[in-house]
Structure formats: structure tokens, C-alpha cells
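Participant: Next come the chains, spelled out residue by residue.
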Amino acid sequence: MDNNVIIDLRNISVKFGEEQVLRNINLYIRDKEFVTLLGPSGCGKTTTLRVIAGFLEPDEGDVVFDGKRVNGVPPHKRPVNTIFQRYALFPHLNVYENVAFGLRLRKLPESHIKAKTAEMLELVNLKGFNRRNVASLSGGQQQRVAIARALAVEPRVLLLDEPLGALDLKLRKDMQVELKSMQQRLGITFIYVTHDQEEALSMSDTIVVMDEGEIQQIGTPQGIYNEPKNAFVADFIGESNILDGTMRRDLFVDFSGKRFKCLDKGFEKNEPVDVVVRPEDVDVVAAGEGMLRGTVTSVTFKGVHYEIIVDIKGFKWMIQSTENQNVGDEIGLDIEPDAIHIMKKSVYSGRFGDYSSFSEEFDELSDPEEEEDI
Amino acid sequence: MKKRSALAHKMAVSPYMLWSALFIVAPMFFVVYYSFTSADGGFTLGNMTQLGKYTDTFLRSIWFGFLATFLCLLIAYPLAYAIAKSSANVQRTMVALVMLPMWMNFLIRTYSWMTILQNTGVINNILDALGFGRVKMLNTPGAVILGMVYNFLPFMILPLYSVLAKLDPSVVEAAQDLGGNSLTVLSKVILPLSMPGIASGLTMVFVPSVSTFYISQKLGGGSFDLIGDVIERQFQQSYNYNLGAAISLVLMVLILLCMAFLNRFTSGEEEMVV
Numbered sequence: 001m002d003n004n005v006i007i008d009l010r011n012i013s014v015k016f017g018e019e020q021v022l023r024n025i026n027l028y029i030r031d032k033e034f035v036t037l038l039g040p041s042g043c044g045k046t047t048t049l050r051v052i053a054g055f056l057e058p059d060e061g062d063v064v065f066d067g068k069r070v071n072g073v074p075p076h077k078r079p080v081n082t083i084f085q086r087y088a089l090f091p092h093l094n095v096y097e098n099v100a101f102g103l104r105l106r107k108l109p110e111s112h113i114k115a116k117t118a119e120m121l122e123l124v125n126l127k128g129f130n131r132r133n134v135a136s137l138s139g140g141q142q143q144r145v146a147i148a149r150a151l152a153v154e155p156r157v158l159l160l161d162e163p164l165g166a167l168d169l170k171l172r173k174d175m176q177v178e179l180k181s182m183q184q185r186l187g188i189t190f191i192y193v194t195h196d197q198e199e200a201l202s203m204s205d206t207i208v209v210m211d212e213g214e215i216q217q218i219g220t221p222q223g224i225y226n227e228p229k230n231a232f233v234a235d236f237i238g239e240s241n242i243l244d245g246t247m248r249r250d251l252f253v254d255f256s257g258k259r260f261k262c263l264d265k266g267f268e269k270n271e272p273v274d275v276v277v278r279p280e281d282v283d284v285v286a287a288g289e290g291m292l293r294g295t296v297t298s299v300t301f302k303g304v305h306y307e308i309i310v311d312i313k314g315f316k317w318m319i320q321s322t323e324n325q326n327v328g329d330e331i332g333l334d335i336e337p338d339a340i341h342i343m344k345k346s347v348y349s350g351r352f353g354d355y356s357s358f359s360e361e362f363d364e365l366s367d368p369e370e371e372e373d374i
Numbered sequence: 001m002k003k004r005s006a007l008a009h010k011m012a013v014s015p016y017m018l019w020s021a022l023f024i025v026a027p028m029f030f031v032v033y034y035s036f037t038s039a040d041g042g043f044t045l046g047n048m049t050q051l052g053k054y055t056d057t058f059l060r061s062i063w064f065g066f067l068a069t070f071l072c073l074l075i076a077y078p079l080a081y082a083i084a085k086s087s088a089n090v091q092r093t094m095v096a097l098v099m100l101p102m103w104m105n106f107l108i109r110t111y112s113w114m115t116i117l118q119n120t121g122v123i124n125n126i127l128d129a130l131g132f133g134r135v136k137m138l139n140t141p142g143a144v145i146l147g148m149v150y151n152f153l154p155f156m157i158l159p160l161y162s163v164l165a166k167l168d169p170s171v172v173e174a175a176q177d178l179g180g181n182s183l184t185v186l187s188k189v190i191l192p193l194s195m196p197g198i199a200s201g202l203t204m205v206f207v208p209s210v211s212t213f214y215i216s217q218k219l220g221g222g223s224f225d226l227i228g229d230v231i232e233r234q235f236q237q238s239y240n241y242n243l244g245a246a247i248s249l250v251l252m253v254l255i256l257l258c259m260a261f262l263n264r265f266t267s268g269e270e271e272m273v274v
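In the order they appear, the protein sequences are chains A and B. Residue 152 in this note's numbering sits at position 152 of the first sequence; the count goes up by one each step and never skips. Residue 45 in this note's numbering sits at position 45 of the second sequence; the count goes up by one each step and never skips.
Heads up, a few of these hints could be off.
[To be verified] Heads up, simulated PhoX-like pairs for lysine-lysine below, C-alpha to C-alpha not over 25 Å straight-line: (1) B:Lys53 - B:Lys218; (2) A:Lys77 - A:Lys127; (3) B:Lys85 - A:Lys15; (4) A:Lys173 - A:Lys127; (5) A:Lys229 - A:Lys344; (6) A:Lys77 - B:Lys85.
[As the list claims (entries may be wrong)] If you only want the chain B side, here are some residues facing chain A, beta carbon under 8 Å, derived: (7) Asp168; (8) Glu173; (9) Gln176; (10) Asp177; (11) Asn181; (12) Thr184; (13) Val189; (14) Pro192.
[Unchecked claim] Reference excerpt, derived from the structure (chain A facing chain B, CB under 8 Å, subset only): (15) Phe55; (16) Pro75; (17) His76; (18) Asn81; (19) Thr82; (20) Phe101; (21) Gly102; (22) Leu105; (23) Arg106; (24) Pro109; (25) Arg149; (26) Val153.
Quick caveat, the hints were computed from the structure, so don't treat them as lab data. All C-beta atoms in this analysis are idealised placements derived from N, C-alpha and C, irrespective of residue type, glycine included.
All chains should be built: construct the whole structure from the sequences, respecting the hints.
Facilitator: Right, here's the structure in full:
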């Protein structure tokens with residue numbers, strides 16, 4: 001293991017009563033890394049963050065900070081700071097006193113507090129807001145105060161619990177860029193919790209995909225997108241067609257009744273597998289020409305591309321294409337070998353990746369953003 | 001449209017205005033009127049100049065009131081905090097238990113304390129049986145203050161509980177996160193944020209404590225006259241409405257001054273940190 005590991009979680013398990021919230025989590029985080037814990041509501045990502053912050057003691061396992069076990073060390077003695085989901089600013093203090101709070105507790109000289117607070121407020125673009133009441137600020141401004149307050153005490157690690165969840169889309173995008181550049185400039189480790197895969201892909205050095213209290217995959221954004229480990233990861237990160245297939249031998253896979261060339265090997269002969277094909281990697285060709293042939297069942301204009309649902313032998317594929325198609329038409333599909341990704345079968349096989357029940361509304365319903373996370 | 005809604009507003013408000021005029025403003029007027037008139041109705045300052053002889057009683061009432069209020073705060077705050085931190089079911093049960101004594105008549109509750117505290121009461125019987133001898137508890141200042149604390153404690157617990165239950169736990173966590181130990185989190189965050197509850201609790205206990213009359217008669221045995229007792233006697237025994245009104249008026253002013261002082265203290269805490 002690298003010697004610049006700052007936080008090491010070893011075999012962490014947490015139970016709330018009968019409910020197993022975290023199951024044997026093993027994760028190490030390097031110094032100055034931007035790590036994102038990504039997963040749906042209730043996957044255990046916030047719980048993991050609370051274990052690191054010290055608000056929650058794990059039932060099993062060790063939390064190691066800089067080589068030292070810190071189980072039982074209270075939050076105020078850990079060199080990590082948290083940005084809370086709803087900012088948690090002190091309503092009885094103004095902007096200046098909120099930012100100065102941690103510095104005052106450290107009994108620093110007033111001149112130092114003043115200089116540091118001014119520096120932090122400048123960092124988050126809130127110069128001149130000193131005497132403002134925090135309740136009078138907009139959501140984005142409150143978030144900036146929370147960031148300034150946490151960074152003022154110079155933590156080694158900053159924990160961010162869905163910090164942009166309450167902001168509107170435009171502001172969220174701006175803050176993503178800002179947070180990322182702040183992290184690089186200050187050289188602080190960020191551990192970022194979100195359920196927004198786009199946010200995770202665009203900001204992180206490392207993404208940890210979680211579901212049902214377990215880590216599903218750890219990797220770079222590219223690695224996770226291109227080489228998802230199982231059907232859950234493939235479906236949660238971006239759109240995916242996930243089909244049942246059989247690995248005939250190295251570099252050859254059967255699915256949809258056809259044999260395809262692929263780049264994967266190392267599977268057993270005739271091993272059943274999950275096959276992932278990203279919608280943007282499918283080429284639309286004339287009906288007779290492609291390797292597959294199907295009927296267009298719906299077309300949605302998305303701005304950059306059309307989202308086309310194609311029925312091939314009862315399985316609904318999603319295809320993204322810049323060219324429009326007519327519903328009811330027969331079209332052909334071509335798939336390059338490098339567009340095919342093979343995964344081992346898992347508990348998630350068969351649960352994701354078919355677009356027959358797909359609709360925008362359904363997608364919204366199954367993504368309970370506002371729900372309180374655990 | 002606007003005119004009509006203004007009219008509707010006036011009509012909706014008028015019963016309350018009438019109520020206030022009849023039952024709040026008019027009685028206040030009579031108190032002031034009686035204070036500055038003699039028995040035959042002529043203007044006089046005589047009632048006011050007589051008040052000097054009640055200085056001790058005034059001071060004792062205010063002192064007992066302060067003590068009882070302070071003790072209530074001391075007992076109620078940790079209790080209210082514990083209730084607010086417990087599960088929803090426990091919260092409901094505890095709040096019901098806090099209010100339960102208020103369903104019983106105030107006089108009966110005070111009378112029960114007499115039988116508990118008296119020389120042949122439960123406590124003294126136990127002490128005696130254990131060989132400690134009997135201790136005089138009834139008819140002491142302690143008994144009077146105990147009566148006040150017992151009777152008015154719920155009025156301190158409930159407002160404290162309601163602000164503490166609404167306290168955002170993540171604000172407390174943020175304070176811990178920034179380096180606050182339990183004591184600093186309490187003094188820098190929880191206490192300042194519960195000031196509105198403390199202020200209303202202080203008012204709701206102090207005002208009835210200062211002006212109470214029954215508790216001191218029953219538990220103090222008449223040897224610790226409070227100003228409420230004096231007022232009661234003026235109206236019930238001496239039929240000297242003018243002097244009674246004058247004492248009431250001065251008491252009202254004193255309570256207002258005390259409340260201004262307390263509020264200044266509680267809101268001053270907030271201003272100091274803002």
C-alpha cells in the first residue's frame with residue numbers, strides 16, 4: 001500500500017438495530033485525493049462519512065488516520081471537517097463569527113482570527129459579507145460560508161455530504177468547478193458524497209460506487225464508466241444496455257442470437273455473462289446491413305442527440321444517435337468489438353439494463369433525490 | 001375588493017378588541033383609579049405613601065421569586081434537554097407526565113405538600129423511624145420556595161423543551177466538528193440558541209411566583225408574608241380596595257422592571273455574540 005495513505009477504513013460494519021447499514025467496508029484514501037462516494041439513497045455513503053468524521057462509531061472494524069487507529073476519538077479531536085447537507089450554519093452568529101467559530105475555539109490571537117477569516121471569505125467570494133445575518137443569504141452563499149468555516153481551521157481532510165444537493169442546476173455546475181479548483185489549489189483531501197453520477201464523474205480522482213452498504217467498485221471515473229464491474233455499476237453510471245450473453249471462448253461472445261467479437265478474455269468456456277453496450281457506442285445502419293435488426297418503438301429529442309428505443313427480439317435497447325428515426329421503422333445496428341464490455345454474473349444480473357419499462361417519469365420516481373439519506 | 005377585505009378584517013377583529021377593552025383595559029383603569037383615590041372617591045397620594053411599610057414584603061416576594069425561578073431553570077434545563085433528545089414515544093410520555101400535575105387543582109396540590117412536610121407527615125415519620133428525629137420543614141422559607149418550584153416547574157420545562165426539540169442536530173455536530181468539546185458546544189451553541197425558551201420560561205415562572213398568595217400562607221404558615229398575601233387581605237378582610245390597588249400597581253411596575261432586566265440579560269447574551 002502507498003505510504004501517502006491518509007485514511008484507511010478496515011472491515012467497517014455498522015448496524016442500526018437489525019438493519020445492516022455498512023457491510024465490511026475496506027477503503028483507503030490517499031493524501032490530496034478527491035474521492036467520491038457515489039450511490040443511491042440508503043446505500044451507506046453518508047454513514048461512511050459519519051464514521052470518518054467520528055459522529056458514528058462502527059460496530060466492527062478500524063478507522064485509521066495517518067497510521068493511527070482513531071476509533072473512539074471524538075469528532076472535535078479529529079483533523080477532518082465536514083460540510084453538512086443543509087450547511088448547518090449557526091443561526092445566532094453572523095457570517096464573520098460563523099467562519100471564525102473554529103478559530104476562536106482554538107484560542108488564537110484576535111489579529112490572526114481576523115486575517116484568516118478575511119482570507120477565507122475572499123476565497124469563497126464573500127468579501128464584505130462579514131456582518132450579514134446568515135439567514136439572509138441565498139443557498140449558494142450559505143454553502144460558501146459553510147466551506148469557508150470548515151476550511152478556516154485548515155483540516156487535512158474535508159468531508160462533503162451532498163453539498164450541492166440543494167442548489168439549482170446552473171449554480172451546481174459552477175460550484176463543482178469551483179470546489180474542484182479549490183481542492184487542487186489548497187492541496188486538501190476531499191471526500192465527497194453524492195448520488196449524482198455526472199457530478200462524480202466530472203470532479204473525482206477516484207470514485208467509490210456503493211449500494212446496500214457495500215462497495216461495488218473503486219476506480220477512476222474512466223475506469224468505472226468503461227469497465228463497470230457489475231450490472232448495478234453499469235446501470236448507475238450512465239445509460240447501459242445490459243444483456244444476457246455466453247462467452248464462447250476468449251474474444252468471442254454470443255448475445256441476441258448472434259456471435260460478436262469483443263476484447264475480453266479470461267472467462268471459462270461457455271460461461272454465462274452480462275454484456276454491457278453503452279447507447280452512444282451503437283451505430284445505426286440500414287435495416288439489412290447491421291449485425292442486429294430491430295424496430296424503433298420510441299424517439300425522444302435530447303438536444304445533442306436523439307434517444308431511440310429499439311426492440312430487438314423482445315429486448316428494448318437504448319441508442320443515442322445524432323440522426324432522427326421514425327417510430328415503426330426497421331433499422332440495423334452495428335457494434336464494434338471495443339464497444340462491448342463483458343461482466344461476470346452477479347446478484348444484480350437481470351435487474352438492470354432493459355429499457356422496456358423506461359420512461360422519463362419512471363426514472364424520476366426511482367431517483368428519490370429529496371429523501372433523507374442515512 | 002381591497003375595501004371589502006379591510007371591512008371583513010375589522011369585523012373579524014372587533015370581538016377581540018371588545019374583549020380586550022372589557023377585560024384587560026377596563027380593569028387596568030380601575031386599578032389605577034383606585035390607587036390614586038381615597039375611600040370617598042377624592043384624589044389622593046395617601047395610598048402610595050403608605051407603601052413604605054411593605055418594603056420588606058416586596059423585597060421578600062421578589063427574592064423568593066428569583067430563587068424559585070432560578071431553581072426551576074436549573075432543574076428544567078437538563079430535564080428538557082433529555083426529553084428533547086429521546087425518542088418520539090418517550091418525548092410524548094414525558095411531556096404528558098410533566099403536564100399531569102396541572103390537571104389537579106392548584107390548592108389541592110399545595111395542601112398535599114402540607115401533609116407531606118408537616119411534623120407528623122410522611123417524611124418526618126420515616127426520619128423518626130430511622131432514628132434521625134423530626135425536622136421542621138413546614139412553615140420555613142424553604143417550604144414556600146419548594147411550593148413555588150413544584151407548582152410552576154412545568155411552565156419552565158415546556159418552553160425549554162419546545163426550543164430544544166427544534167434545535168437542528170447538525171448545527172450541534174458542526175460545532176463539535178469545528179473543535180468544540182461538550183462544554184463549549186453547550187455554551188456557544190445550544191444555550192444561545194435556546195435563549196427564546198429560557199426567556200419565556202423565566203417570565204412564566206417569575207410572574208406567578210412573585211404574586212402568589214396561597215403557597216406562602218399554607219407552606220409558610222403565615223410567618224413569611226408575600227406581597228400577594230397583603231393584597232389578598234386588603235380586598236378580602238380590610239375591604240381597603242384603594243390600598244390593595246396601589247400595592248397591585250406597584251407590584252406590576254416592579255415585575256415589569258424585573259422582566260426588562262431578565263430580558264435584557266437573555267437577549268443581551270444573543271447580541272453579544274452576534
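Participant: Each hint needs a verdict: does it hold in this structure or not?
Facilitator: Hints and how they fare:
At most 25 Å may separate the alpha-carbon atoms for a hinted pair to count; Lys53 (chain B) and Lys218 (chain B) meet this at roughly 23 Å. At most 25 Å may separate the alpha-carbon atoms for a hinted pair to count; Lys77 (chain A) and Lys127 (chain A) exceed this at roughly 30 Å. Between the alpha carbons of Lys85 (chain B) and Lys15 (chain A) the distance comes to roughly 21 Å, so the proposed pair stays at or under 25 Å and holds. For the suggested pair Lys173 (chain A) and Lys127 (chain A), the alpha carbons sit about 22 Å apart, so the restraint of at most 25 Å is met.
For the suggested pair Lys229 (chain A) and Lys344 (chain A), the alpha carbons sit about 8 Å apart, so the restraint of at most 25 Å is met. For the hint linking Lys77 (chain A) to Lys85 (chain B), the alpha-carbon distance of about 23 Å falls within 25 Å, and the restraint holds. The beta carbon of Asp168 (chain B) comes within 7 Å of a beta carbon in chain A, closer than 8 Å, and the hint placing it at the interface holds. Below 8 Å, beta-carbon pairs count as interface contacts, and Glu173 (chain B) has one with chain A at about 6 Å; its hint therefore holds.
Hint status for Gln176 (chain B): holds, given a least beta-carbon distance of 4 Å to chain A, under 8 Å. Look at Asp177 (chain B): its Cβ gets to within about 5 Å of chain A, closer than 8 Å, so that hint holds up. Checking Asn181 (chain B) against chain A: minimum C-beta separation of about 6 Å stays under 8 Å; hint holds. Annotation: Thr184 (chain B) was flagged as interfacial toward chain A, and the flag holds, the nearest CB pair being 6 Å apart, inside 8 Å.
Contact between Val189 (chain B) and chain A, as hinted, is supported at the beta carbon level, the nearest pair being about 6 Å apart and thus within 8 Å. Residue-level restraint check for Pro192 (chain B) holds (minimum Cβ-Cβ distance to chain A is 5 Å; threshold 8 Å). Annotation: Phe55 (chain A) was flagged as interfacial toward chain B, and the flag holds, the nearest CB pair being 6 Å apart, inside 8 Å. The beta carbon of Pro75 (chain A) is positioned within 8 Å of a beta carbon in chain B (closest approach about 4 Å), and the interface hint is therefore held.
Taking 8 Å as the C-beta contact cut-off toward chain B, the hint placing His76 (chain A) at the interface holds, the least distance being around 5 Å. Proximity of Asn81 (chain A) to chain B holds as hinted, the smallest CB-CB distance being about 6 Å (cut-off 8 Å). The interface hint given for Thr82 (chain A) holds, since its Cβ lies 5 Å from the closest Cβ of chain B, which is under the 8 Å cut-off. Because the smallest distance between the Cβ of Phe101 (chain A) and any Cβ of chain B comes to about 5 Å, under 8 Å, the interface hint for this residue holds.
Proximity of Gly102 (chain A) to chain B holds as hinted, the smallest CB-CB distance being about 4 Å (cut-off 8 Å). Below 8 Å, beta-carbon pairs count as interface contacts, and Leu105 (chain A) has one with chain B at about 4 Å; its hint therefore holds. For Arg106 (chain A), the suggested interface contact is upheld, since its CB lies about 6 Å from the closest CB of chain B, less than 8 Å. A distance limit of 8 Å between C-beta atoms decides the matter here; for Pro109 (chain A) the minimum to chain B is near 16 Å, and the interface restraint is violated.
With 8 Å as the threshold, the beta carbon of Arg149 (chain A) comes within range of chain B, its nearest partner Cβ sitting at about 7 Å, so the hint holds. Because the smallest distance between the Cβ of Val153 (chain A) and any Cβ of chain B comes to about 6 Å, under 8 Å, the interface hint for this residue holds.
In this structure, the hints that do not hold are numbers 2, 24, in rising order.
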